[in-house]
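My request is simple: use the sequences and hints to build the entire structure.
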Amino acid sequence: MKVRLCSTDEVEEGAMIQAVVPGRPPLTVYQVEGEYYVTDDTCTHGKASFSEEGELEGHCVVCTWHDGKFDIRTGAPLCAPCSTPIQVYPVTVVDGAVMIEID
Amino acid sequence: MSGPKNVVLIGGGLASLAAIETLRAEGYDGAIRLVSDEAEIPYDRPPLSKAYLSGETPLGGILLHDEAWYESMRVDLELGRKVEAIDPSARQVRIAGGQALGYDRVLIGTGARARELPVSVVAPEVPVHYIRTRADSDRLRESVKAGARVVLIGGGVIGMEAAATLVQLGCDVTVLEAGERIMARFFPPALSEMLAEVHAARGVKLHARVVIESVSRQGDESVVTLGDGTTLAADIVIVGIGSVPNAELAVDAGLELRYGGIMVDVRAQTAADGVYAAGDVATFQLPDGRWARWENWTHARLHGAHSARHMLGKGQTYAELPWVWSDQYDLNLQVLGSPESSDPPAIRGSLEAGRVTAFHLDGGRLVGATMINDARNKSSIRKLLERGDAVSPEQLVDPSVDLKKLAASA
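In the order they appear, the protein sequences are chains Y and W.
The first sequence begins at 1 in my numbering and counts up one residue at a time.
The second sequence begins at 1 in my numbering and counts up one residue at a time.
These are computed hints drawn from the structure, not numbers from a lab.
One or more of the hints may lead you astray.
Said to hold, decoys possible - Cut-off 25 Å, straight-line C-alpha distance, at most; resulting in silico cross-link-like pairs (DMTMM-like, lysine to aspartate or glutamate):
| hint | chain 1 | residue 1 | chain 2 | residue 2 |
| --- | --- | --- | --- | --- |
| 1 | W | K50 | Y | E52 |
| 2 | W | K405 | Y | E55 |
| 3 | W | K383 | Y | E13 |
| 4 | W | K383 | W | E340 |
| 5 | W | K404 | Y | D9 |
| 6 | W | K404 | Y | E33 |
| 7 | W | K404 | W | D362 |
| 8 | Y | K69 | W | E320 |
| 9 | Y | K69 | W | E67 |
| 10 | W | K404 | Y | E10 |
| 11 | W | K405 | Y | E12 |
| 12 | W | K383 | Y | E12 |
| 13 | Y | K69 | W | E56 |
The structure presented is a predicted model; accordingly, all values stated were derived computationally and were not measured.
Shown next as structure tokens:
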């Protein structure tokens, strides 16, 4: 099922916001170089929220709790102490809305 | 120039691990041998007093890399093997059992062990717990059950983390601290107080300015006797009173110690050519010439990487800021830079409001910050610290001042 997370203007270039789909863990929506990306919002390591506690450096989200780093395009952990990938979601932009496909 | 062909890393911690990552990332193609006296491949130690102790995260979840990674990095793992000696003149490392390994670069990354209570205080039959290795944490977890009376000696990072974990598992936890207050090495008094209130609200009993007279065994329980004659009965006694560098290999090789650590130069090299030391075990020279020994996760990693770059002749200056973190309950605690200062700390925010930072100032200059659930300001604070010019405490504590903008304005 396709779900609308937010409008494209809500996420500034180089920034991220939290999006909530009822009944699911929170998500983060990012805009980098004009592209939108969506990942789970909760760090797989220390349980911090990326949108609240994270910093975006290019295509990497850094969790400031322990400076773990993930690639928001692939979800891959990029340095210790993080070793578990974060979930990423393919994004489509439809009529100015950021949409993802979920089960 | 012919580079090294044969690197030996002693110790299965972060310093050695970072050295492997860096050596391979820098294109080093020679042999790497990792010799560790622990049976496991390198694992992350911070969870040993938290999610690993509680059972929430199993061993697989705290491994720094899986076994396949060591194969892909072409590392020969010598686990469960103790290095007995380093012979710098023969460029050999001797392993228990007699095997000798030649090296052209060797890293001593043996870390530190828990400081023990003196035998004059603790009777040998008392099963005292320390938390330093996976085996320590396993032993402790096996004896933990809801309702167990736990006495923790030492209100530092390990002690307070273990207190948080164990009180959440239903234990009856008492913390005994010799000093004035908890987390005193990293926290200004106001933040120690805030954290102490959080622990107290969770049911942890805290006693500061306590002298431990003796720890003895009576039947199935341990008895902790304090200087004022008070006695505390305990099912479990845990001691977290600091650590001692595992520097014996260096001493036996004739190398000098300072602050208990192995003296290394700005390149992380000891006085012996080709012998390096990094992380908790090393006392190193800062760019400004002062000597320091840091015990924290980030330093072990960065200094290990730094030593590896210098092994290859590609090193740079080690100009890091000390950065320490702890997690207790839902609180993330961090210290960046110096935890101490001559001026009174400037405090921004409050724990009631969810976030608080204490800025440490020395003659009007920012020297460090202690943060509770406020790490998102860390990169701004880092910029301010690196800039090192005067800042106004009024601006730092003003919630309407955006620290990012303050750091960007110069």
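(message) Check the structure against each numbered hint from earlier and tell me which ones fail, lowest number first.
(response) Nothing - there is no hint that the structure violates, so all of them hold.
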